[in-house]
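**Q** Chain by chain, the residues run as shown.
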Amino acid sequence: MEKMSHMDPNTVVVEMKEIVKRFGNFTANDHINLKVHKGEVHAILGENGAGKSTLMNVLYGLYKPTEGDIYINGEKTDIHSPKHAIELGIGMVHQHFMLIQPFTVTDNIILGVEPRKGIVVDKKLARQKVLEISEKYGMAVDPDAKIEDISVGMQQRVEILKVLYRGADTLILDEPTASLTPQEIDELMEIIKNLTADGKSIILITHKLKEIKACADNCTIIRLGKYIDTVKVGEVTENDLAAMMVGRNVNFKVEKKEQEAGKLALSIKDLHAKDYRGVEILKGLSLDVHEGEIVGLAGVDGNGQTELVEILTGLKKAESGEITMAGTDIFNKTPKETFEAGVSSIPADRQKHGLVLEFSVADNLILQHFEEAPFSKNGILSKKAIADNASQLVEKYDIRPPHCENRPAKTLSGGNQQKVIIAREVTNDKELLIAVNPTRGLDVGAIEFVHKYIVEQRNKGRAILLVSFELDEIMSLSDRIEVIFDGQITGSVSGKDANEKELGFLMAGGKNHE
Amino acid sequence: MNKKTSILHSNFLYTIIAILIGFIIGAIFLVWAGVSPMEAYFKILDSVISKPKNIITTLAYAAPVILTGLSVAFSFRTGVFNIGAEGQFVVGTLAAALIGIFVDVPAVIHIPLCIIAAAAAGALWSLVCGVMKVKRGIHEVLSFIMFNWIAYYLSNYVVNIEGVKKESGGEATKDLLDSARLIVDGNNCAIFIAVVLAVITWVIIEKTTLGYKLKAVGFNKFSAQYAGIDSGKSILTALAISGALAGIGGAVQVMGMGGRVAQFASQEGYGFEGITVALIGASNPLGVIFAGIFYGAMKFGGSKLTMIHAPSEIINIIMGCVVIFIAIAHVFKALFLSIGKKKEAN
Amino acid sequence: MDMLITNLGILINAALIATPPLLFAALGSCFSERSGVVNIGIEGMMTIGAVTGAITALTTGNGLLAFLCGGLAGALFGLIHAIVCVSLHADQTIAGTAINFIGPGIAVFLCRILYNSSDTPAIDASAKLPKLFDGMFKSGSFAYNVFSVYIMAYLVFVVAWICWFVFYKTRFGTHLRACGEHPEACESLGIDVYKVRYICVILSGFLAGLGGAFVTLATVSQFRPTVIVGQGFIAIAAVIFGKFSPEGALKGCLIFGICNGVKSLATQSNIISVNIISMIPYVVTIIALIAFVGRANAPAANGKPYIKSR
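Chains as they are written, first to last, in this note's numbering: chain E, 5 to 518; chain F, 13 to 358; chain Z, 91 to 400.
Please keep in mind that the hints were generated in silico from the structure rather than gathered at the bench. It cannot be assumed that every hint is accurate.
[Unchecked claim] In silico PhoX-like links for lysine-lysine, alpha-carbon gap of 20 angstroms or less:
{"#": "1", "chain 1": "F", "residue 1": "K147", "chain 2": "E", "residue 2": "K320"}
{"#": "2", "chain 1": "E", "residue 1": "K337", "chain 2": "F", "residue 2": "K219"}
{"#": "3", "chain 1": "E", "residue 1": "K340", "chain 2": "F", "residue 2": "K233"}
{"#": "4", "chain 1": "F", "residue 1": "K147", "chain 2": "E", "residue 2": "K381"}
[To be verified] Per the computed footprint, the stretches of chain F lying under chain Z, defined by three or more beta-carbons under 8 angstroms from a beta-carbon of chain Z, are:
{"#": "5", "segment": "48 to 58"}
{"#": "6", "segment": "144 to 151"}
{"#": "7", "segment": "155 to 163"}
{"#": "8", "segment": "167 to 175"}
{"#": "9", "segment": "282 to 295"}
{"#": "10", "segment": "319 to 329"}
No residue lacks a Cβ here, since even glycine has one placed at the ideal position from N, Cα and C.
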């Protein structure tokens, strides 16, 4: 992508000096500096938990800094609330969208600053203003659609419009590409360009190096709450940035030995299914996964992946089709039956589907097996067997803090929660492992861990179906990549030959030109 | 963690604090009513423990609320809110009474028969709401409230049916046969049933795969489903058990205390008292035993307050305050822990 | 024909008297629930409104003032609920349960110290709520039954319309609905979630208090411990039935009101047991739910304490 800077190096709009933020004994930000110019895209790079979000919450008035000063347009300012930040021209687009699901796009954009006619909210005027701004920056939205009915990409545009509607000059974008498709990411980059051309400044929080290279002018790196450096993006490589972020050299490549795929494990033929609204979402999908191979299912969210996984794990009923697992029919069977037929899974939402957060780690580790020996006998649980199993797995999988068997799962970090699930599912030792976005929200160390175990399972001859919205992940792990679009498999690429452009093309509905 | 901080972490401490504050607020009201709080509280205590007979009566008061308390506690632990214990209690009373009046068998058979009938009636009453929740997504709080009232009028209807109604005087059923009464040597022994059931409930929740399953569904339906647990069936099982406990509560009330079912003028409130008992007992079946006895003592002792011209409603005010302060126990906990920490630092 | 009209009059009359307490309380409940605070203490708030209304009427002889005081007493309990649930993040169901003990407890307690009985004396007709077109129609006639009920029995429908207007047309209504769905989003846009919820919970107490006061100042003419029992819960049921919206709650309350009218007619005919007839509203609600309404989706953040970060 062609890069063009609109940065005005003589006008500093936001300056944060020596910011310290402590929560009790924990120091989330330790003397951090940041200087943002007019028209600049300034990236803040750091791993999950490095303190990026905390810093931005300080700037946005959600947290009060323990020490340090903030200057807005050269003036020292104490930002005491989000409202105040908005008044100062700072707007924030949160990673987890802050949208009211049953409200319309317009209602969400104007929330808190509704134009009024008498005591009545002037919806007509609001709608008109929303359309004006969306046209000005090239962000197409349907002002009357409800949030729950629109795509993730459009939801993000709504978030950005919300900030612009309030007249923001500095926009904080927190991990804006986390759930976007390659095409949507391109669109976002275009929007960012339009904004900076108009003199807006962008603070981009991310851990994706490619995006920083693509659009940022400068990059400030934070590690473990500490300020590392601010660099000009044009003068460093991706590897330099990665090393600064992690504090060591990172190996992006996943080590994987050559291996022939074995016999057929999972076979799906002509699968049809409806989504929760009764609209057909799977339209004759067919897919095979063999033993000893990782099949990556690439696709934009909402093309039927969720439903497919729900059907395979027995949570949802399909309309028609055939599904067999190592020869056993598992079409429209219960979760228990599919599990017994050899399907195990790492669910997309580990907190919602993978764990009972209030249960101890030990209890979570037997979620599918509590009714079997040795964990219970005649309906009575064996605490000793459960504890032994737990202490063994906690040690083997390095689930931290050490000896956390009896802690509620909710007290663990995201990465360690994921380790609990992996420990459980890998121990299940089923023929098929379905992994859905297995590294979402994890830091580099945890990602390496997860990838290592997935590859290890493949090497042991297990069949793996990897469903992920992270194209990088799909490309680095898969032996074969299948692209899902509009409820069908629209293309198949060998893992070795895959390139991002072609996959992006297929994911957007293009056809394989073989 | 040293001993002192572990006390500061224990919920028991904050329950005691809540109870103390409840009594202090009650005292303010008593002073307003022109009654000496010391005198009133002494009267409550005295009426409960002065004679062995009174202790037995207190325990007789406690038995039904222990059971409705267990019912609510069980529902809390399994992720549903049984606000319908009231109705299940009423149908339990009715079932036990009908069997107690019309089936003439020896006590060894009669008593279990009445209790099973009451449990079945309570379970069924609760299950209907459960099925509506699972199959049609109908908010259980709503259907429970409706079923409380349907039970109420059903009971009043049955009480007035010719043949069930007492022949002379009063709008009530005939008396239960002696073989169906929980009375031994003139003493009400319903409390034993309550305690045994509390222990059984505790075992189910803490020690069995059934308890594990129901709790898993209660905490996180989706994860439980993902792991192969049938969540709909689990919810129904939990509601049935909860309803059965409330139904048995009704049985021990009529088989112990009442001896017959009278026409209601307003809802009796055992189900709602069960909510309070469950909360004070921290939804732990064993805690519920003590909470229920405490409540029984307050109810029985409170009823004697009129003897010193003190309004007995003070009991409701005190219990309500206790519940409020249990609800904000975490505020006290945070406060005490921070004080504790500061002291340690010094 | 005459018979039919007379009966229709009796039915409407009974419905007009039975609906207002439920509807006031239900509208209050909508505010609280939609802003994200579960309020099962409606029952207790109604009771305290009922007793305060009765006592004020007995002491001042002014029915309207008494009605207002009933609302204010309910609002005071709303404030307690708000402090405990919003500021102190208590479990909202537990707090509501407590209110349901304290409200009736204090109500009867007040009667005891003031009147040395669990009931208040009867309220004189002049100290009750005024009636519409008082004395214009012949007692017992259709017109009397339909047009000469207590003014508040008609005004409550205006109040329902106002609530609907506030909910969907004004800024505050938008904010309160947003707070019940996604408080973090509201806070990030500078909406004070605590303030909105405080207002809504206090308002819910106020309206519940009015509902309670209607009972003592119109329907019953005195306070007895049993005057409210259960009505608060029925109001909550009507709100769930109406999917947490004022217009839906109105429908729910009308079902109860009309069933109550049918009940008073049927009671007169004396064919079926009054107890069986009394079940009608509840059974009808259940059937309506199964047949037409189905799943009631509560506001996403309902019942979850919101803790401000900073």
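**Q** Run every hint past the structure and note whether it holds.
**A** To see whether the hints hold, each was checked on the structure:
1. F/K147 <-> E/K320: The given pair, whose Cα atoms are some 16 angstroms apart, holds under the 20 angstroms limit.
2. E/K337 <-> F/K219: Judged against 20 angstroms, a Cα distance of about 30 angstroms means the pair is violated.
3. E/K340 <-> F/K233: holds (15 angstroms)
4. F/K147 <-> E/K381: violated (32 angstroms)
5. 48 to 58: violated (count 0)
6. 144 to 151: holds (count 5)
7. 155 to 163: holds (count 7)
8. 167 to 175: Coverage by chain Z holds here, the residue count being 3 at a Cβ distance below 8 angstroms.
9. 282 to 295: holds (count 4)
10. 319 to 329: Answer holds; 6 residues pass the 8 angstroms Cβ test.
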